[in-house]
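Asks: Residue numbers (numbering that gives the first Met the number 0), protein chains in the order written: chain A, 0 to 326; chain B, 0 to 326; chain C, 0 to 326; chain D, 0 to 326.
Each hint should be verified, as a subset may be incorrect.
Since the list gives no way to pick one copy over another, a pair counts as held whenever it fits inside one copy or between any two copies.
What the hints assert, rightly or not - In the DSS-like style, the derived pairs of lysine-lysine whose C-alpha atoms are separated by at most 30 Å in a straight line are: (1) 242 to 65; (2) 249 to 79; (3) 116 to 309; (4) 65 to 2; (5) 279 to 249; (6) 308 to 216; (7) 309 to 216; (8) 237 to 249; (9) 249 to 1; (10) 65 to 116; (11) 116 to 326; (12) 92 to 116; (13) 1 to 242; (14) 92 to 237; (15) 242 to 308; (16) 242 to 81.
Calculated directly from the structure, the hints in this document are not laboratory data.
There are 4 protein chains.
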Amino acid sequence: MKKITNIGVFTSGGDAPGMNAAIRAVVRTAIYENIQVTGIYRGYQGMIEADFVDMNRRSVSSIIQKGGTVLKSARCLEFKTKEGRQQAYDNIKAHGIDALVAIGGDGTFTGADLFSKEFDIPVMCIPGTIDNDLYGSDYTLGYDTANNTVIEAIDKIRDTASSHSRVFFVEVMGRDSGCIALNAGVGGGAEAILMPEVDTGITELFGELELAESRNKSSMIVIIAEGDQNGGAYNVAKIVKDKFDHLDIKVSILGHLQRGGSPSSFDRVLATRMGFKAVKELMNGNSRATVGLRGTAIVTTPLEEALSKKEFKLDEELLAIANIMNK
Amino acid sequence: MKKITNIGVFTSGGDAPGMNAAIRAVVRTAIYENIQVTGIYRGYQGMIEADFVDMNRRSVSSIIQKGGTVLKSARCLEFKTKEGRQQAYDNIKAHGIDALVAIGGDGTFTGADLFSKEFDIPVMCIPGTIDNDLYGSDYTLGYDTANNTVIEAIDKIRDTASSHSRVFFVEVMGRDSGCIALNAGVGGGAEAILMPEVDTGITELFGELELAESRNKSSMIVIIAEGDQNGGAYNVAKIVKDKFDHLDIKVSILGHLQRGGSPSSFDRVLATRMGFKAVKELMNGNSRATVGLRGTAIVTTPLEEALSKKEFKLDEELLAIANIMNK
Amino acid sequence: MKKITNIGVFTSGGDAPGMNAAIRAVVRTAIYENIQVTGIYRGYQGMIEADFVDMNRRSVSSIIQKGGTVLKSARCLEFKTKEGRQQAYDNIKAHGIDALVAIGGDGTFTGADLFSKEFDIPVMCIPGTIDNDLYGSDYTLGYDTANNTVIEAIDKIRDTASSHSRVFFVEVMGRDSGCIALNAGVGGGAEAILMPEVDTGITELFGELELAESRNKSSMIVIIAEGDQNGGAYNVAKIVKDKFDHLDIKVSILGHLQRGGSPSSFDRVLATRMGFKAVKELMNGNSRATVGLRGTAIVTTPLEEALSKKEFKLDEELLAIANIMNK
Amino acid sequence: MKKITNIGVFTSGGDAPGMNAAIRAVVRTAIYENIQVTGIYRGYQGMIEADFVDMNRRSVSSIIQKGGTVLKSARCLEFKTKEGRQQAYDNIKAHGIDALVAIGGDGTFTGADLFSKEFDIPVMCIPGTIDNDLYGSDYTLGYDTANNTVIEAIDKIRDTASSHSRVFFVEVMGRDSGCIALNAGVGGGAEAILMPEVDTGITELFGELELAESRNKSSMIVIIAEGDQNGGAYNVAKIVKDKFDHLDIKVSILGHLQRGGSPSSFDRVLATRMGFKAVKELMNGNSRATVGLRGTAIVTTPLEEALSKKEFKLDEELLAIANIMNK
């Protein structure tokens, strides 16, 4: 097995709090192990454009607490072409990079897997996305921080909702994943939660609202994942308003502030452990795998498995609990 | 002048952080002065329904840090009728209330003024609204807290915006007031700010964006007050997208979370001073006036003056500064 | 097995964020299952004084986001006596309480175990302490929130430390546990971490400081668990000052603010799941057990086992990582 | 009057949130006016060591939200000597700096005044200190942020205090100034407040505590400015414990976290206005003056006046209010 001398690290896809902490851990672990580190800007785009920076311990000072990613991120269509990937490979080869750590989500991992196979370059992947929708880790980087951001928003909305006896439809992120909706919904004490994985009919929602009214709750907060079948919050609000005309209904789309913010302690530590593990695994000859948290341990999963399998991240029991807490 | 024996306190109109701190101050000051205090729920609606509660020091324990209003708030059309007001008066008279402290905005003050004249009952008004759009006080209750909420949101959005080189159109509250937009825009380091009071043409905005691009800023954040002439953030985003098709544009509507949250130190202290002053003024025979902050002093302004005059709350100099900071 | 009709719930020992969320979950789950719930104030003291309150769904409205415990907590020497426990039993019997949910730490569990055996009353325990020093759960209630509180404090201290090139000795809670010190230390990017479980000699610390100096770091932050062998932060600071007289050294004792604050999303959801589980287990005839989080599942552990066993909660790997991140 | 071509900006003395926002405003305003800006590191020390950096718009990107100061700060004894100042002058002259903006407190202003007179170099001062103890401005930079930091800490301490019916003695910053103690004390709903400017005898404090006890308050929080005559919190706690042995007393020294943190909206806007004004005044030939906030206007005060006069920043009325709120 060839000794690794220069690791290229990059972030790709949607940014998530904790990515900087992961970059920091990759850089400091590698340097501690006398391996050089090259920062690749804007993910695959930066590879194709040879947008590189040599990193040292100082390059990652005081970034552990920063949201976003200092290496930037970008979508890159060109990398989907053989020519694009060839260009990328020529660049990293020319720069002496002989291994990669990719931080991102599904698309990032798919590209890394393909690239690694085509050019036989070792790669380890770190799951970074607030959606928590990746196989191989109980929690993805940024998910915990996003949940905290959402419950803080719900707490604020609850203040005004209960002052005015209003019904709020709060849309949270999650095109295909209800993780934030369910967890932040339970954490925020929502009266109802709509998410893609669970087919909550509108009539069911009507029931929840009637029940809450019958208990003359001073306010109601309905959390809706953006990917829910009933459409976004605006749509659901409209349907409800048509039936419950007397209700004072408001809509709140939390949007991209869910992606930012200083990472939580949980995400900072998780990112640090994942970055450390990714480098160690590369040194041990592991490749085409993701690092992840299982219980309290950092484990690895072959990319092939991680990309082919899906895990239902919504705790069945928590779904039942959510229904009981507000009944 | 008749000695006051029972003060009725209520909140009306949109809630704002600091209202609870003001209620607490009214209650504790009055009781300290051996005056009874009656809490009136849901503003004028509660007056008409005689929805009262006798308050003591304990009724306001641990509410100084709470957003919203423990006395609730509501719109009340009935109070606009002579019959409604007569009913309200009969109720407060029956309950022994001989003076009022009204906490709220424009509409609240108008009703208080009319009611006070019709039934010759002393009333003092406390300006509580995040919009800071009232005459007679440099700052209204909740405005400082709302500004902090907005810059925290902008800071989070900036994380993700700069990671992706995106342009964000962030809509903040302010139907007729650009106070939050301007202050939070300057505080958040926005690239451009659109507000009702200033007629920023779209072409001007185009210029700002071109300039920012020419400086290849990694991200741009445009703050838009909901009441801006160019329409809300969605509308402006659409217009800009038509002209700058290459830009990666996102929209964020902060919405009602701006109304909630634990009040800032500034708002807690201001509310406490205003509540104290309102009671003292009633004791001194003052009526039909608002309390407000001028410089570092708490002053009063006759309701007639407060309701008839408008003050341009946007510091002219700050408008100029906003344009320089990002040029 | 006797059907349970009335569950007494109480908090005891040091309070922790998430206790209210757990109380809420116990109450709402029990009522949903047609079981009455009695709130017992001030833990065992309240049992002895029959300081009870019948709880309904409304009793726990809007407490999920509150720090501390609405049922209060207290130390109780009297409960260590047979007479005290007899009195407590007579009271709960008289009130119709036929099962208990105890929320707290080591001492709370010991008392619950003894009480349950003596009077053959079913009891389930929920681990609530910021120290994360209990066997049977990967995380205890309040630990995640405390970690966030500490890293926020460290981030603030870092601002001023780096502005002045200062060395800070920050003391965090943990008499016998270094969990907060290690996790918040890693999360806060501390230059060194001292904790009870790891015998870091002062000379070793000197080495760390010399190394950091040799890298002319603009600032250094040393985290010290209150229970560390080298004594608290003041003591360590004095020893270091004697050797490194040129350093600008400051001490910060974070103290009890670590115990308070609105619980994190993680703690709110964990508390809700634990409270639900505790009631379900009592219904299923389980007793003398603790509920806990293992991986992503809520499990139970016999009290006997939980009280006799110790688990080393400091991830060995994380200890190594901590040393690498700042080298 | 000589046209200014190169402004040297520096921070000195204790750092305060908002200093970075002020630096940013100075840099961007000057560049907008085609004036060069030189950053001087570590205040007067950097002047003597010619530790300079040429600044452009980009040098101050994304620092408006950062606590501390990117230009660092330091104490400098050498500057108190004629030789030191001569060296400093030779350096700035050699670098082409022909005007200065000094951001800091009393000591910083004194040095600036002396230096400006000795070498006839124009200087404007910006009041940056969390203590709010400078003449010429209603608020100093960082004061508002510090107040928010302190009330957040008090809110957290209140959670645990009320859960355990404890008495907390919380020490806040302010060697000669009770501004933070009074404002945060009122904002945090403290039962008693001790500050240097007000001679509150211990017996008076005993009275407050007895009163609070007589009302069987579930908890008591006493705020103590570090400069209070009765000594720090530890000392006062000891004295109280001797008399009220039955009380469960805890001490919390908030310490340096009060100096850090992201500046509040109020401080960011104030800093931006002050930085803008300082440059404008230099351009208009003004010198040896401080900028400050009076009401809603940014004004200037001659350094001579600012340094000779003292203003009692504790609002007399607020002192009375503090006593009423908890009686």
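Asks: Can you tell me if residue 242 and residue 81 fall within 30 Å by alpha carbon in one copy, between copies, both or neither?
Replies: For residue 242 and residue 81, the Cα distance exceeds 30 Å both inside one copy (54 Å) and across copies (33 Å).
Asks: First find the shortest C-alpha distance between residue 1 and residue 242 inside one copy, then the shortest across copies, and answer within, between, both or neither for a cut-off of 30 Å.
Replies: Close neither inside one copy (67 Å) nor across copies (46 Å); limit 30 Å.
Asks: Can you tell me if residue 116 and residue 326 fall within 30 Å by alpha carbon in one copy, between copies, both or neither?
Replies: neither (52 Å within a copy, 34 Å between copies)
Asks: How would you label the pair residue 279, residue 249 (within, between, both, or neither) given a Cα cut-off of 30 Å?
Replies: neither (50 Å within a copy, 36 Å between copies)
Asks: With 30 Å as the alpha-carbon cut-off, assign the pair residue 242 and residue 308 to within, between, both or neither.
Replies: Neither: 41 Å inside a chain and 42 Å across chains, both beyond 30 Å.
Asks: At most 30 Å between alpha carbons: which applies to residue 308 and residue 216, within, between, both or neither?
Replies: Answer is neither: 42 Å inside a copy and 40 Å across each miss the 30 Å cutoff.
Asks: Reference check for the pair residue 237 and residue 249, CA-CA at most 30 Å: within, between, both, or neither?
Replies: both (10 Å within a copy, 23 Å between copies)
Asks: Please sort residue 249 with residue 79 into within, between, both or neither, judging by C-alpha distance up to 30 Å.
Replies: between (42 Å within a copy, 25 Å between copies)
Asks: Taking 30 Å as the upper bound on the Cα-Cα distance, should residue 65 and residue 116 be classified as within, between, both, or neither?
Replies: Result: close neither inside a copy nor across copies, 33 Å intra and 43 Å inter.
Asks: Within a copy, between copies, both or neither: which one fits residue 116 and residue 309 at a CA-CA cutoff of 30 Å?
Replies: For residue 116 and residue 309, only the intra-copy Cα distance (22 Å) is at most 30 Å; the inter-copy one is 46 Å.
Asks: My question is about residue 65 and residue 2: at a cut-off of 30 Å on alpha-carbon distance, are they close within one copy, between copies, both, or neither?
Replies: Neither. Shortest intra-copy (32 Å) and inter-copy (41 Å) distances fail the 30 Å Cα cut-off.
Asks: Indicate which option fits the pair residue 309, residue 216 if close means a Cα-Cα distance not exceeding 30 Å: within, between, both or neither.
Replies: neither (38 Å within a copy, 39 Å between copies)
Hints 1, 4, 5, 6, 7, 9, 10, 11, 13, 14, 15 and 16 from the earlier list are contradicted by this structure; the remaining hints agree with it.
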